[in-house]
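Asks: Which chain is which? The protein sequence lines are Y and D, in order.
End of the first sequence = 810 in UniProt numbering, gap-free, step of one.
End of the second sequence = 810 in UniProt numbering, gap-free, step of one.
Simulated from the structure, these hints should not be mistaken for lab results.
A few of these clues could be false.
Because identical chains share one entry, a pair is satisfied inside a single copy or across any pair of copies.
As the list claims (entries may be wrong) - Mimicking BS3-like on lysine-lysine, the simulated pairs with C-alpha atoms at most 27 angstroms apart in a straight line are:
#	residue 1	residue 2
1	Lys-618	Lys-88
2	Lys-128	Lys-222
3	Lys-128	Lys-142
4	Lys-87	Lys-618
5	Lys-688	Lys-399
6	Lys-688	Lys-88
7	Lys-128	Lys-87
8	Lys-87	Lys-688
9	Lys-142	Lys-631
10	Lys-128	Lys-400
This structure is a prediction, so every number in the text was calculated from the model and none was measured.
2 protein chains.
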Amino acid sequence: MTSRGRVRTSSNSLDPNEDPVSGLERVFSNSNLEQVARQRRRQEEQLLFSRQLAESDRTDSHEALSARYESLNYEVSENRLYRDAEKKPSHQLTLWRISRNRWFVCFLIGVFTGLVAAFIDIMVHYSKDVKFSWILKYLISKCSEEQRGTTAGCMWTVMIAWIGYNCVLVTIAAVLVIFVAPIAGGSGIPQIKCYLNGIAIPEVRSALNHFISIVVKVVRLKTLVSKAIGVACSVGGGLCAGKEGPMIHSGAAVGAGVSQGKSYSLGIDFGLFKEFRNDRERRDFVSAGAAAGVAAAFGAPIGGVLFSLEEGASFWNQNLTWRMFFSAMISSFTVNLILSWFNGKSGWLSWTGLANFGVFENKDYNIWEIPLFLLIGVIGGCLGALFNYLNTRLTEFRKKYVSSKFGRLFECLLVAAISGFLAFLTIFAIDDCQPIGANPTATSTQINQMWCKKGEYSAVASLFFQNPEESVKSLFHSPINSFGVTTLIIFGIEYFFLTLWTFGISVPSGVFIPAILTGAAWGRLFGIFVERLFPSVTGIDPGKYALAGAAAQLGGVVRMTISLTAIIMEATKDITFGLPIMLVLMVTKWVGDMFNEGLYDSHIDLAEVPILGWNPPKMSRNILADRVMRKDVVALERRERVSRIVEILRSTLHHGFPVVDRIEESPYESLPDYGRLKGYILRSQLFKLLENRIFEEEESSSAVLPNDFYECQDDDDQMKSLADLGLTQYDESCWLDIEPYMHPHPHRVPLNTSLPFIFRLFRGLGLRYLFVVNDDNHLRGVITRKDVARFRERRRNHEYHVDELYISES
Amino acid sequence: MTSRGRVRTSSNSLDPNEDPVSGLERVFSNSNLEQVARQRRRQEEQLLFSRQLAESDRTDSHEALSARYESLNYEVSENRLYRDAEKKPSHQLTLWRISRNRWFVCFLIGVFTGLVAAFIDIMVHYSKDVKFSWILKYLISKCSEEQRGTTAGCMWTVMIAWIGYNCVLVTIAAVLVIFVAPIAGGSGIPQIKCYLNGIAIPEVRSALNHFISIVVKVVRLKTLVSKAIGVACSVGGGLCAGKEGPMIHSGAAVGAGVSQGKSYSLGIDFGLFKEFRNDRERRDFVSAGAAAGVAAAFGAPIGGVLFSLEEGASFWNQNLTWRMFFSAMISSFTVNLILSWFNGKSGWLSWTGLANFGVFENKDYNIWEIPLFLLIGVIGGCLGALFNYLNTRLTEFRKKYVSSKFGRLFECLLVAAISGFLAFLTIFAIDDCQPIGANPTATSTQINQMWCKKGEYSAVASLFFQNPEESVKSLFHSPINSFGVTTLIIFGIEYFFLTLWTFGISVPSGVFIPAILTGAAWGRLFGIFVERLFPSVTGIDPGKYALAGAAAQLGGVVRMTISLTAIIMEATKDITFGLPIMLVLMVTKWVGDMFNEGLYDSHIDLAEVPILGWNPPKMSRNILADRVMRKDVVALERRERVSRIVEILRSTLHHGFPVVDRIEESPYESLPDYGRLKGYILRSQLFKLLENRIFEEEESSSAVLPNDFYECQDDDDQMKSLADLGLTQYDESCWLDIEPYMHPHPHRVPLNTSLPFIFRLFRGLGLRYLFVVNDDNHLRGVITRKDVARFRERRRNHEYHVDELYISES
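Only chain Y is shown next, with the shape it has when bound in the complex (with noise of 0.2 angstroms):
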């Protein structure tokens, strides 16, 4: 063994000691080479072997993490070009440009984001005044003409015309999700959350080439248009969804949008903003866009500020949240304004936010109420259990049974025409007419004569048939009598069931709003019994009740506490009922999580993210490093031949690789015997460094530095494939010095480190990787975030427990 003596059978193929496909990242690999798939079956088997055992002592475990998410990469390649780049008189000017610009896009995000709220409310506006002056006055009044009464067979026809109207729009929001965007569905808000955990969500991975579109699609310009215009059909489409969720995944769409200065949907780029375009940074603006989404949808910024914090950001940082708050301001103010307009007040800016759940005249609260509230926030942990477990097994059903286009389509419009049908049923079947003027809260939208007499009006058709919005706010604020219990009982159980059948389908569609009218309806019939109770006692508001029953609701589907507690106070623009509102949430919580997980949570475990949770799992202190790392790592030397790196990059889809002193064949194991740990090298920059042609003939001469690409983390680099960069046989023979181009001081662990060690070094700085290293700084395997997020804490008969979840490459 020479001093350079690594193992190398020939210049133009892997060294059999290595498996290339399984290692950094170990992501499913489509090259056909024999010699690789052989060597990867191996592994699997060893591994496969090793889990079994692992396995032995435990009763179930058939939950798996997909290999299909990569990390985003947040750590600086501090390599010598980026330590040259401070030393040039230009970078005090970078410097400046740079803080200059995070403000300056901070605030394009707000207004941008502002505007993208305004378009949806005013197009849900236009889509109510078609569906209630057109439809329903017009063919109501035509009805009452022609029939001299309200008979059920003119209704019939009203109902088709409504229902039909519904399902055109539906259609277009389904078609948008379908064939246009497919991550525009759902809320988007677990979508966000895993992306703010550091996790990239992949679209398409068919090919090794496309492997780079693994690219952040979630927040894309075609995804926020999808989002914004199919939110819009199908809130305006009369379905059990809100536009709030979405509102939050547009934000952040727009944030991730303007601070990369171009579009890859269009194709333009506008040349701005260049330093921007990494996941470090790109993570910070999208944070802000979701606090600015927040902050448009409920007019509140600073739940929207804690929102991104709470369920994103692991690191606090002061300078970053205070540029989140910026946006979430400035996206506030815009949609302020700009509704000011629509609304003709022009100027007038205490008009907030998308969902304004009114102000409540009666803000007192008395110390005996405190126990009730307490049961509103149990109640309300049980039904949002209750919610999850059935919407987690209804996702499961359709992740199995409806998984055609064609089938998801239809699904959409059956949600849409029964959401319609029993609207028109419910307010047949049930009795409820009021007197006009007893509510003083009632607006003129809010009042439909439907089945009743003169001078009353429905008050089911009041909550079926306004916006959303705007039943919360009858449910709220309205008189005590305003609704039958009847009506109260049976508009709950179908919003909730309803809610569950919409959560999930092909549209986009928000939990936030259904949620917290569904509990409003129940808490308002909790407040009715409590004022039948105890007659004695003056000052009983059912829509006190209704708040704190909408907030146990909510609290209980997503389990948020401090930014939904923030989010309710700003939106109901009260401060007082702050405390009650807390209590309600946490026993929600708790509750909750006796059963079960967060809704966003349950669906992030379904699609098998390798998510980190915010604490190491408990019992795992003597779970170490080398149980935790793989092994089968692609090294490369500091200087290594154009041909073995190209032979890399075609067959392995790693994001980086790990360099070494030497790589020596080793007289113990199947793997190679690797050196000392000197640095880390991305993927990208090694492809950049062969398309800039940075390597040269000799093995000892070293090539010229090129000026500034130091940091090229720019995923538009990967499009490109191998083959485009045109290398001859002569290029394959130079040499590439690594080392100027390597990131030279990657974190590193010994081998006997604890998970509880690691999990907290990634989650702390936002790690992709860590190598393990021997006493002697030699590597010995990696760590990804895969490997960390396998490790899962899970309750047994009351005793904690560590799960290994199994990598599936599906």
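Place chain D on chain Y using the hints.
Replies: Just chain D, lined up with the frame of chain Y:
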């Protein structure tokens, strides 16, 4: 050289190759070992020389970090005992108990913080009662009777009684601070900020063995009692001081006290919550306590959580945040409950917080008012920066010339007397009499006739002679003509300078309310001018501008943004003004930051505390670990003779020591050549091992493992001195096996690691130490918080520079 060839001249003295006094934590030593002192001088000369070299290209750097401050220890010592603990069947129960107790402790923190807050409030209330009903009303009415009119002659009596009463109260406050608990002085927020940043603030460090009292005095019972009584006295004594800052400190002290289940001051140990007796858990409870303090002070639970996060925590943990929120909620609830009883409306819970700013009637604002708010922000930024500049100069002056105890007491009395005198002088000088009844918001205590005619009251007196919180309410909510322009100008200027003088004297006093009051005065003035400029525009409410001014002044002084917005919004119980307040605070921070730092940060800098900012300093990419680290490490081998350990414990003050596999004489350097890094052991662990006599006669034999002290961070154990252990000559010749007790995988970085990378590790993980290893994993140096903190980003001539502070030994 043998295989264990460490050079050791005698078994009872230290290796001359090592410098035990300047290493891991570099604390000043009182040891008088000649040898050590010589060694130390040499090291310092070397260091000085290298620093001089480094400084040669810098212009000014007379800044220092004090070596007095220690880091808190957040790292778990994951030794063999710790890992084995998980294998015991009782561990499941422990896990349950810990998570239950965490919630229980948070509940207690909330309750006790609420009680303390209510106690302070009630004390201040009675003190006010005494002053107003007794001194003011009684004496004035006596004057009126005797002299049939209000002449100056009689007023002198009133004034002297008034000032005398104030001076008595202030004396109590000052004596408590100066002679009982020095740390209770001031607002306490800088101390809390440092504590949450991970710094232990020492009180006494006179002798070597008192080093152990570098326990967290910040958060002691004695501190709490002194603070609570002191703040009631200083507020009651008419100083320009708020009770809100001290409330936050009190909350933090409650958090630390309750969670430890014992009291140092009382010498009681309840034996409770032993699992929380370490820095890691204590920090969490202190953040919860601080949040509870804000919640109690302003009725702002969300603001409290945001405050704890903005000022302290670096790692956002959802569970911790949730517990903080719970404490804040309970504390707010407790205050409400008690004050509702106290105010005779028992159970009516809408009463919130100590500083209740009242609810605005007119909540609208228009878009053309935005530029006015921005202007207010600019003014606030400038005034805040001026305040900070002057106060910092004053503090420096005070540090130099007012250092004796009686000097400080005299200053307090002087401030109290002058504050009272100025108030009377102003009332005498300004003739601002308003008819009683014109201001419907005025309460009876606000109406003081003073020199005014019958049926009128003195507006000036209503500003000066109320509780500051009441004055704030008057300025926010009184009708437009309630205060004359001259009144506001004189009041604003006087209050500005009195606050300036008061902040920093030796009484517990906050800056929140005084700054709000100053700002409200000039904000209201601004509003009056706006109203006069645009007389045609209706709806200009000077109260709105007073609110904006208050936010701007406070923001300019403390430079908080998001938490301050939340606090003001919650204290005014109103969301609508959120947007303008945010705008104002943002502009204020931008403008203020152009001139200097926030008040708390300035005071922290003056105290030479090694605090870590949010982001690594710019322009520091080329500062590598070998420049940051200290090379003079005191290391141990895995088996050491007891005598050497005793010697090291005796002659060094380090909190922990690295463990390496061998220590050899270096052929090249004066420092020894350390082997591979194997672990890290705490001073307290070594001490406990010695105390429990876990050592063996023979070098080869291994001692039995003790049961459960894997984590002995409890500072109590260090209270005993080494002499108390009574180690015999025979004991000292024994061997101690360190390996089972050391943390086996401490954080490490290679020599070429850059400062930003190191900074992110420290900040993201809350590290106390970081070892630097060479390419073969041999220990080469250690980096502590101070080593990182001494590199500071500065801006000169519009360019960023990194300055290197020196470590002062004072």
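Asks: Of the hints given before, which are not true for this structure?
Replies: 5, 7, 9 and 10
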